[in-house]
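Top line first, the protein sequences correspond to chains A and B. The opening position of the first sequence corresponds to residue 33 in our numbering, with each subsequent residue numbered one higher. The opening position of the second sequence corresponds to residue 275 in our numbering, with each subsequent residue numbered one higher.
Just so you know, the hints here were simulated from the structure itself, not pulled from any lab data. Just so it is clear, CB atoms sit at the ideal spot from N, CA and C, and this is done for glycine as well. Hints may be right or wrong, so weigh each one.
Here are the simulated DSS-like cross-link-like pairs (lysine-lysine), alpha carbons at most 25 Å apart as the crow flies [said to hold, decoys possible]: (1) 38/A / 465/B; (2) 465/B / 379/A; (3) 441/B / 465/B; (4) 38/A / 576/B; (5) 441/B / 276/A.
Computed from the model, here is a short list of chain A residues facing chain B with C-beta under 7 Å [stated by the list, open to error]: (6) 117; (7) 180; (8) 183; (9) 184; (10) 187; (11) 195; (12) 321; (13) 324; (14) 328; (15) 357; (16) 359; (17) 360; (18) 363; (19) 371.
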Amino acid sequence: MLKFEKRENIPLHLRILIPLISILLGVLIGGIAVMFSQVNPLTVYKAIFIGAFGSTYVFSETIVVAIPLLLISVGLILVFKMNYWNIGAYGQYIMGAIFSTYFALNSAETISRPILLMVMCIAGMVGGALWALIPAALKAYWKVNEVIATLLLNYIALYILQFLMYGPWRNPRSFGFPLTKIFDLNAQLPKLISHTRIHLGLIFGIIAAIIIWIIIKKTKFGYEIRVIGENEIAARYAGINIAKNIILAMVISGGLAGLAGMAQISGIIHMLQIEINPDYGYTAIIVAWLSGLNSLTAMIVSFFLGGLFAGASQIQMTMKVPIGIVGLIESSILFFLLGGAILTNYKLNYKGRKII
Amino acid sequence: MRPDAYAITIILLAATVESGTILLFPIIGEILTERSGILNLGIEGMMIIGALVGFATAFITGQIYWAFFMGMLAGGLASLIHAFISITLRGNQVVSGLALSIFGLGVTNFYGQEFVNLQLAHTVPQVIIPGLSQIPFFGSILFKQDYMVYLSYILVIITWFILFKTKTGIQLRAVGQNAQAADAMGVNVYKVRYFWTFFGGLMAGAGGAYLTLNCAPFWLDGITAGRGWVAIALVIFARWNPPYALIGAYLFGAINALQFQLQSMGTTIPSALLSMQPYFLTFILIIVATLLVKAKHIGVPKELGIPYAREEK
Chain A
33 MLKFEKRENI
43 PLHLRILIPL
53 ISILLGVLIG
63 GIAVMFSQVN
73 PLTVYKAIFI
83 GAFGSTYVFS
93 ETIVVAIPLL
103 LISVGLILVF
113 KMNYWNIGAY
123 GQYIMGAIFS
133 TYFALNSAET
143 ISRPILLMVM
153 CIAGMVGGAL
163 WALIPAALKA
173 YWKVNEVIAT
183 LLLNYIALYI
193 LQFLMYGPWR
203 NPRSFGFPLT
213 KIFDLNAQLP
223 KLISHTRIHL
233 GLIFGIIAAI
243 IIWIIIKKTK
253 FGYEIRVIGE
263 NEIAARYAGI
273 NIAKNIILAM
283 VISGGLAGLA
293 GMAQISGIIH
303 MLQIEINPDY
313 GYTAIIVAWL
323 SGLNSLTAMI
333 VSFFLGGLFA
343 GASQIQMTMK
353 VPIGIVGLIE
363 SSILFFLLGG
373 AILTNYKLNY
383 KGRKII
Chain B
275 MRPDAYAITI
285 ILLAATVESG
295 TILLFPIIGE
305 ILTERSGILN
315 LGIEGMMIIG
325 ALVGFATAFI
335 TGQIYWAFFM
345 GMLAGGLASL
355 IHAFISITLR
365 GNQVVSGLAL
375 SIFGLGVTNF
385 YGQEFVNLQL
395 AHTVPQVIIP
405 GLSQIPFFGS
415 ILFKQDYMVY
425 LSYILVIITW
435 FILFKTKTGI
445 QLRAVGQNAQ
455 AADAMGVNVY
465 KVRYFWTFFG
475 GLMAGAGGAY
485 LTLNCAPFWL
495 DGITAGRGWV
505 AIALVIFARW
515 NPPYALIGAY
525 LFGAINALQF
535 QLQSMGTTIP
545 SALLSMQPYF
555 LTFILIIVAT
565 LLVKAKHIGV
575 PKELGIPYAR
585 EEK
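For reference, chain B alone in the conformation it holds in the complex (with noise of 0.2 Å):
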């Protein structure tokens, strides 16, 4: 390989790893709120209160990292509506979802306007791990990124952990998959599903932040762009496992690095095409994973938006 065609591979594969970081925090979310037997269409809306909350504060203090925490936080907040109205008043968690997007835009574009077109001073700054980072290839890759991507990696295996190594996350599932046999065993089926929609919320936030602290270091009106029902159309993709979401999040991260790579360099495909192309992947990697999930049984949380009565028994 020449030189120059190395580096920019390295480029176009470290800034894939950075987009792919925008999903993958909402992805892990949403599987574990999933899971948990609650379906969350608020991912959009959760993301892009965070990307505004992370962007403000970032603007007024200049302290990164508790940007990131505050737009994760109001992500988590966000999803309390959600989880209210479908775990306690059992309301419809689809048009629930849905409300809950519309409202994170039309408040991120009510509080958002004293915002728009400022730009950050600065971004979240690089850190290189030691010794990781020398790997040839991969390490300028994986470990020449930011706090945020290595809390990313660390999510993966923990939530991956937990899920499938520990009670918690047995009863996580057994919540998912049968709130009654659960409760009977005497796991909180509430408590339980408050947790990781309230879980849910957090890494939608973080994601959003992640976008305007990294990756668009301004704010815009609608900045998530639609990533939020990427982040859930992936969730489909990683069969509700945390390791593949690492892998639906870094195509879709692939994809649009490659398009916006093309579209600087002037290429004479026109832009609209070339920005339909995440969008148009995830569309046939949603039909791909769901002919795989049903040929393969596995996967779909059996209670998944089913609200849970308890005193019905």
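Just chain A, same shape as in the assembly (with noise of 0.2 Å):
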């Protein structure tokens, strides 16, 4: 009879392996996938490898679509440590590109460029951080589930989205299409590195993943959080305030997620519309778990899940293969890390003898 046996602490090798062993049996099944639909996985996976890192263009791309993804994670992060749930990261977003259009929109001509910038920047976080106020504070203070309150506030975000720019928003020499106005150069994230199109919110995801991580592992902040996680009956009769804790972690979430979407409008698409890729909220759940909620691991995870998404971009325009293979392959990862979870927790026996 296989037997398990709980594990007092987790080896070193296991916390390595079983993350990569994840990832190459997802994207086995990726592959699989793909055999099923008649084209051959190897040439696929090439080219999704030289779509993401085959040349320096395409190697800024997948940079760029690990800003944001960094961005949020690290957010991410600090909320489910305490193993809570903010699946709000795609609402948060929208509301952060949002509130730092209305600065884009309205002030451009009026103030200068740092300072414009700084003020889109705040704005960004302030939007994100209020639409993740309203699912925290139900949480902490009536107990009103917040995965599915994060869930149904992403779908409200997006009709707000759809309505500004149907209507109020839309620049009316956009030929009736949903778009506002170009920015000004004064509302655009500077470009790190010319004939690239990486901004400045590289460095402010790398900032962000190493506040977090000195909050989670140096601050009595970050040391509530973790307390909480292991054992939230224990943090309250330790007398830690949890749904201060709570408040705080989704707020600071919420203002990445926001932030990440500022960064996306000003520093990339340069205006606002109604496709402004707030997948990357969901994508980023994925780099969180994956990273082991460690947000120095996230900034390796963003990169990696980044080269996925922009080499799969790319073969979904020259080899028709959709989209759709990335949610696939990353699931599939997800579900092998989780399952293989319980090699980090318990200890295998079979017939009395040691297997793991």
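Make one complex out of these two single chains by using the hints.
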């Protein structure tokens, strides 16, 4: 008989091996799925790889995708560490984009570039933070399920964006298309590297990852978060204010998602429109989980999943392989990772003999 | 009431039932899954898999009822991934459910490309129930529907009966309230949880298939449009009790039918704000429902989302 025995501490090699094996198996499942649609999986993966890392330009595009993933995921890590769930980065990202667009459209001529950009960053963070504050307060004071609340708020945010784009914010000169006017140069985040689209948001992301790492490891707030995540009842007895921590973590997380939304429209799209890639909010959940809720590891994982997305976007155009392959691979990796967690939590015995 | 207003009311309420049925199936399924202690956030994914498999089967074979069955089965099979991870491997149920939703959306995007913008020649045929359909007002709303709608009525009654009036139901609830005690009484916790998780998947698949076979008989990427999340919210509104699921599902259905009617009548209200209403309503509903559940101390299965490990006794 197969028997499970609880592990006291997790060996380092398992902590590294399980995510790696999960990635390999997830990629394998993606390959099998591709085979069913009569395409050679090796050709597809080679094309994804070249589309993600094959030249300086595509490499820079991978980083462009990694920026919002990193910004959002490090915020999510803070919430997930507490064993609470923010599935609303999608909506918080949209709200960040909307709030910052207000200033881009109305203040571009009157304020100098550095100040306007700072105002837009703050507006983006405030927009995302407010949108996260709603489910956070509902959870903290009324115990409203935060998974459901954040998810529903995503749809509400999406329709607010649609309302603005088909209504008050549509540029009268866009021939009926739901677009604002192109932002003035004053409202565009500066590029970090010329001839690419890599923008200042990359620095924001790296700083955020480091700050979140410090918060979790070195501060009282981070300590309380970890205690709540491990045992909420014990945390309550220890006198930790759980409501305060939920709200603080959610607001920081929402603020970072909002900043990601701001960075995307100010640094990449240069206008507000309906398609501003809020799906990064869902992908970031996978980044957070795959990085083992470590914000420094999240930098590597964002880069990896950014490459997958950038490469798959390429082959969608060139080889007509649908972009759904990304979700398929990502979710398969998650399945293996979740299933594999049993090996980190338990020792496996078969007929009294140790396997792992 | 003027005759035309009367007729419009009937049409609207009949549409309410149809639109509500898409949700009623998954809500009932998730109620029983959660009662057994398993939280499955993968409804959106299982629904859209059911929607695509149902649509594709109907498109290829022309057999509507066969298509409905296949859609249902596909949802059930998808739920087994979640069951294996959360029951056997004791993985995190929240993340596993989310992964299942991402999986469903990805896999249907991947395999659905060739069906995009295709339409079904025939949708689910209307079946008028003799006698009952003659009841003034309600007859035309409730009994001039189709077999799937009638199946949903029956399921509400059967699941309520199983849950509260049978030994199976006692065991199911016991597993969700206190798995260890249920185990001590000789109930196979794993088996019960597997079965009801699978049932939840079948129901989610049924809801998705009903969507593409009746209400929106074409294929588009992401066609379920968040209904799976709404269903999970309405489980809380239903306080884990099937008859209340009916109210939640039809409320959502009514708002949906109404906003759709307003849009097609060419109202001046911006369409984005109308489309938002079902989600906004659900958002308000779950706040109210949570407060009610808390005030009356009812509902929530105690071990919801907690894996059971037998040998740690």
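For this structure, which hints from the list above don't hold up?
5, 13, 14
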